[in-house]
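Novice: Got chain A; can you put chain B on it based on the hints?
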Amino acid sequence: MNTLIASFVSGLVFALGLGLSGMTQPAKVTAFLDFFGDWDPSLACVMLGAILVHTFLYQLIRRRPSPLFAAAFSLPTRTDIDPRLVAGAALFGIGWGLGGFCPGPAVTSLASGQASVVIFVAAMVAGMYLYRLTEGLWRRQESAPRQVALPPLTAPSPPAWQSPQDF
Amino acid sequence: MEHFTPIASLIGGMLIGLSASLLLLFDGKIAGISGIVAGMLSPQKNDTGWRVVFVGGLLTGGFLLKLFAPQTFAIGIPRSAAALILAGLLVGFGTRLGNGCTSGHGVCGLSRGSKRSLIATAAFMATGVATVYVINHLLGGAL
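Chains as they are written, first to last, in our numbering: chain A, 1 to 167; chain B, 1001 to 1143.
Simulated from the structure, these hints should not be mistaken for laboratory data.
Nothing false has been slipped in among the hints.
To be clear about the criterion: a stretch of chain A counts as covered by chain B if any three or more of its residues have a C-beta under 8 Å from a C-beta of chain B, and this derived list gives those stretches: (1) 13-19; (2) 24-37; (3) 46-55; (4) 77-88; (5) 99-112; (6) 120-134.
Here the structure is a predicted model, which means the values were calculated and not measured.
Glycine is no exception: its CB is placed at the ideal position from the N, C-alpha and C atoms.
This is chain A alone, in the form it adopts within the complex (with noise of 0.2 Å):
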């Protein structure tokens, strides 16, 4: 009960902080991607705000050996790049730029009721279901010889850390 409630209190500070900082308005995304038009640096201000918050807590967090309602951090390790990983946030960037939200923004719009946003939520849940089914045609190209990601020279991390295949 406490990791759903904990789940949902993140889910609403989320969607305050987005609101917030003008991420569920596109005109003010695509703005920010106009570099050569009428130039809006807002989206920089809400990534810089994130990250300063988030790398500072991530740090005292992680001296923890496990979170407060879970047994292991779910966090990502791998550090290969790889085709995929370029292509997919390639791809992304195209749609971002095209329809003016990422995800959370639109996810969070939706209580907004406008068509627009429901048309788009419902096109990358369906683009989310392509990939899905077309899994095996990406991940075949891994079969490809890779290298063994070494570990962080930093800090090694607490054994009980779990590495999920994605965020």
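Specialist: What follows is chain B alone, placed relative to chain A:
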């Protein structure tokens, strides 16, 4: 730069960083929205409840914004249904192929000093800028 909102955006961003920290401290999870949503599509035992509730929190926050600050949803962009569908498909597929989005790579990953997230963030920023350039400066701003 007439629409620049540095203070509100900085504080809003700090709330997002706080949210990601709460989820990590209490549940040990990464606040990557694309991963959280995608995980709901293939439910696994003991790994679905927190995702559903997190999305419930996002929606509740959205409803509160609509009630008390409706201007947060005021400014859309001129896009046809076809453009929105293509955009949604690209975002959904791309975030799965690349294992993350603006929150998972851009906020959580960069805060952890992840090289993968740095590369991913550079890639989606670059193609985002290129796409908006094409739409706003070559195609007249609407699509």
